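Undergrad: Residue numbers (the numbering used here), protein chains in the order written: chain A, 1 to 121; chain B, 1 to 121.
Hints are supplied without guarantee of correctness; some may be wrong.
Each pair may be met inside one copy or between any two copies, as identical chains are not told apart.
Mimicking DSBU-like on lysine-lysine, the simulated pairs with C-alpha atoms at most 30 angstroms apart in a straight line are [unchecked claim]:
#, residue 1, residue 2
1, K112, K43
2, K43, K31
3, K31, K78
It is worth saying that the hints were derived from the structure and are not from the lab. Given the structure is predicted, the values throughout are model-derived calculations rather than measurements.
Protein chains: 2
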Amino acid sequence: MAETDTSSALSHPLIESDHIEGTAVFAANGKRIGTIKRLVIEKISGHVAYAVTSFGGFLGVGSEVHTIPWEQLHYDTKLHGYHTTVTAEQLRQAPEFSRGDEALLSRYERQKLVNFYAEPM
Amino acid sequence: MAETDTSSALSHPLIESDHIEGTAVFAANGKRIGTIKRLVIEKISGHVAYAVTSFGGFLGVGSEVHTIPWEQLHYDTKLHGYHTTVTAEQLRQAPEFSRGDEALLSRYERQKLVNFYAEPM
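Given these sequences and hints, build the entire structure.
TA: Here is the structure:
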């Protein structure tokens, strides 16, 4: 059978900036824990800096939006989504500025966030 | 005067994936020649591969959409947009697959496009 347009786009190694919303995020145990709302990109280098991600249920208190450094997301070509080792405990203790929909962080905040998630809890 | 939200976002070094559309593109002579419709990003590396860009008037035949390799776009922090040395002649002679709204190119097409625009005309 021919692939549908959707499955073809899912398995393509590239994604369009206006089709990023809804990309799945999976926990270390393979459970789907959230979806990407938007990526935030460095204008000069063209590299993704972090992803604003909605977590539903994972934290046990409804849906929450968190900013996750790109280094914590690893694309899985079979699942068509990103794996992360970020834990519910980390999300709960993450810096205040990263727990919300404020997408444009300062250089200081970005570094603080990278350091926070790089540290094992 | 305090900056408005808009000018603050314009001068920020980061941009949200859902706010990319409309970013200005300028020719070598400083003239505004187009706007970015979307960026196309490598899912695994998180690097921008190319930009689907609308050129209006530049080609003298109404508005046209072209896929431009990321290497041909250089962010200008003063103009809040991308400079390019791509010429109208190059756009006219660009490979057929890059002259339209087909955003997900194959690996072969990407390489062909990078080579085409890297070659001086």
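Undergrad: All hints, please: hold or fail.
TA: Hints, verified against the model:
1. Within a single copy, K112 and K43 get their C-alpha atoms as close as 20 angstroms, and across copies as close as 25 angstroms, so both meet the 30 angstroms cut-off.
2. Taking the closest pair of Cα atoms, K43 and K31 come within 30 angstroms of each other only across two copies (20 angstroms); inside a single copy the shortest separation is 33 angstroms, beyond that limit.
3. For the identical chains of this complex, K31 and K78 are intra-copy neighbours only, at 14 angstroms inside a copy versus 45 angstroms across copies, given an alpha-carbon limit of 30 angstroms.
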